[in-house]
Amino acid sequence: MERINVTKSFLPPLDEYYEYLKEIWSNTQLTNHGSLLKQFEKEVSSYLNVQNLHFLSSGTVALQLALRALDITEGEIITTPFTYVATTSAILWERCKPVYVDIDPKSLCINPDKIEAAITKKTKAIMPVHVFGHAYGLDKIEAIAKKHKLKVIYDAAHAFDVKYKNKSLLDYGDISICSFHATKLFHTIEGGCIVSKSKDTHDKIELMKRFGHDGDDHKSLGINAKASEFQAAMGLSNLKYVGESIAKRKHVSEVYDHYLKGKFTIPEVDSDTQYNYSYYPVIVENEKTLKRIMKKLNAKNIHPRRYFYPSLNKLPYLDDQQDCPVSEDIASRIMCLPLYDDLSDKSVKKICEAILS
Numbered sequence: 255m256e257r258i259n260v261t262k263s264f265l266p267p268l269d270e271y272y273e274y275l276k277e278i279w280s281n282t283q284l285t286n287h288g289s290l291l292k293q294f295e296k297e298v299s300s301y302l303n304v305q306n307l308h309f310l311s312s313g314t315v316a317l318q319l320a321l322r323a324l325d326i327t328e329g330e331i332i333t334t335p336f337t338y339v340a341t342t343s344a345i346l347w348e349r350c351k352p353v354y355v356d357i358d359p360k361s362l363c364i365n366p367d368k369i370e371a372a373i374t375k376k377t378k379a380i381m382p383v384h385v386f387g388h389a390y391g392l393d394k395i396e397a398i399a400k401k402h403k404l405k406v407i408y409d410a411a412h413a414f415d416v417k418y419k420n421k422s423l424l425d426y427g428d429i430s431i432c433s434f435h436a437t438k439l440f441h442t443i444e445g446g447c448i449v450s451k452s453k454d455t456h457d458k459i460e461l462m463k464r465f466g467h468d469g470d471d472h473k474s475l476g477i478n479a480k481a482s483e484f485q486a487a488m489g490l491s492n493l494k495y496v497g498e499s500i501a502k503r504k505h506v507s508e509v510y511d512h513y514l515k516g517k518f519t520i521p522e523v524d525s526d527t528q529y530n531y532s533y534y535p536v537i538v539e540n541e542k543t544l545k546r547i548m549k550k551l552n553a554k555n556i557h558p559r560r561y562f563y564p565s566l567n568k569l570p571y572l573d574d575q576q577d578c579p580v581s582e583d584i585a586s587r588i589m590c591l592p593l594y595d596d597l598s599d600k601s602v603k604k605i606c607e608a609i610l611s
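The working numbering applies: residue 255 is where the sequence shown begins, and numbers increase by one.
Hints were generated in silico from the structure; no laboratory data involved. Since we're looking at a predicted model, the values are computed, not measured. Be a bit skeptical, because a hint or two may be false.
[As the list claims (entries may be wrong)] In silico DSS-like cross-links for lysine-lysine, where the CA-CA straight-line distance does not exceed 27 angstroms:
hint	residue 1	residue 2
1	Lys554	Lys504
2	Lys351	Lys375
3	Lys296	Lys401
4	Lys375	Lys568
5	Lys453	Lys417
6	Lys480	Lys360
7	Lys394	Lys451
8	Lys453	Lys480
9	Lys262	Lys473
10	Lys360	Lys545
11	Lys394	Lys502
12	Lys403	Lys419
13	Lys378	Lys473
14	Lys403	Lys351
15	Lys568	Lys549
16	Lys473	Lys494
17	Lys502	Lys515
18	Lys453	Lys394
19	Lys453	Lys368
20	Lys604	Lys515
21	Lys494	Lys480
22	Lys451	Lys517
23	Lys473	Lys417
24	Lys376	Lys417
25	Lys360	Lys494
26	Lys502	Lys600
27	Lys515	Lys403
Take these sequences, add in the hints, and give me the full structure.
Given below as structure tokens:
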């Protein structure tokens, strides 16, 4: 029986990747800002039409560097409870406190109308997430941040090649980050990027990502956040196929819509958003129904994922538990269905028939 996972990593033609490997073998530089990494940063910046981009070892370390680069080493960070745990992990790892603001039930993103009530004297920044690649409340968040003199760091891990009002989602906020993990629409095996609005911040990250020194001159505290030439090679190989991947994923999503729309709650894309079809989330009636559906799908070797679960405000290692009833409710009854480039119409029909039965 064919196994259908929630995602499947795209792999470029092997001979195309091999051409980059030959270049690595020729110049023998494996990491430390080699020629392929420089080429990749230039090409992906051009593709996304953004400036001040760094290619890093992961999206999580990009969030940590974002906080450090903006001199946020303590205090409160307003964020969403409905996302992957890496967002909260980065905040906690940098010894800040996540303050959770509940989500909008339609977009599943942080509800901007509830942000101001959470601001205190200790608040240093707002860290929203473009959940499943959706853009929501950007103008309101910017106005709130400006009014209260707060920084905005967008976790755009899911939002590669998503445009809002004809501009890359990575071009919003003081800093935006993206994940290039193998499970993402566009990947470099492991990796991520950070995009800064300020050139000064960009230059600061340049030092911080490589231990804070330039040659023998040690200028600041830093860590090892560098990506390798092999990751850059995978990124260069994959970049030319992003448009094709999005078109295929859009088709798969439309087949799902044909069977499931109107029968379950499916988040809708904002009319100002040019979407990338990274995920296909479905919200069912209750957690009991969700578990019953997943059990039936698993029996047919179909493996969706409870994404995102649990609601992060209920993580057991937090100092205090904050209530976010909308997030907690949705997190208990949402799953992402399998979605990848070469998922066949026949397989989608099989998945939907199993769910509907």
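Okay, the hints, checked on the actual structure:
1. Lys554 to Lys504: holds, 24 angstroms
2. Lys351 to Lys375: With Cα atoms ~13 angstroms apart, Lys351 and Lys375 stay inside 27 angstroms; holds.
3. Lys296 to Lys401: violated, 35 angstroms
4. Lys375 to Lys568: Between Lys375 and Lys568 the Cα gap is close to 24 angstroms, so the pair holds against 27 angstroms.
5. Lys453 to Lys417: holds, 22 angstroms
6. Lys480 to Lys360: Roughly 37 angstroms between the alpha carbons, so the hint for Lys480 and Lys360 is violated.
7. Lys394 to Lys451: Holds, at roughly 18 angstroms.
8. Lys453 to Lys480: Roughly 19 angstroms separates the two Cα atoms, so the pair holds.
9. Lys262 to Lys473: Violated, at about 42 angstroms.
10. Lys360 to Lys545: holds, 22 angstroms
11. Lys394 to Lys502: violated, 33 angstroms
12. Lys403 to Lys419: Holds, at about 25 angstroms.
13. Lys378 to Lys473: The hint holds at about 25 angstroms.
14. Lys403 to Lys351: holds, 18 angstroms
15. Lys568 to Lys549: It holds: about 24 angstroms lies between the C-alpha atoms, which stays within 27 angstroms.
16. Lys473 to Lys494: Given that 27 angstroms is the threshold and the Cα spacing comes to 38 angstroms, the pair is violated.
17. Lys502 to Lys515: Distance ~19 angstroms between Lys502 and Lys515 Cα, so the pair holds.
18. Lys453 to Lys394: holds, 25 angstroms
19. Lys453 to Lys368: violated, 32 angstroms
20. Lys604 to Lys515: holds, 16 angstroms
21. Lys494 to Lys480: Given pair Lys494, Lys480 holds - Cα atoms ~23 angstroms apart, limit 27 angstroms.
22. Lys451 to Lys517: violated, 42 angstroms
23. Lys473 to Lys417: violated, 37 angstroms
24. Lys376 to Lys417: violated, 33 angstroms
25. Lys360 to Lys494: With a Cα-Cα distance of about 33 angstroms, the restraint between Lys360 and Lys494 is violated, given a limit of 27 angstroms.
26. Lys502 to Lys600: holds, 14 angstroms
27. Lys515 to Lys403: violated, 42 angstroms
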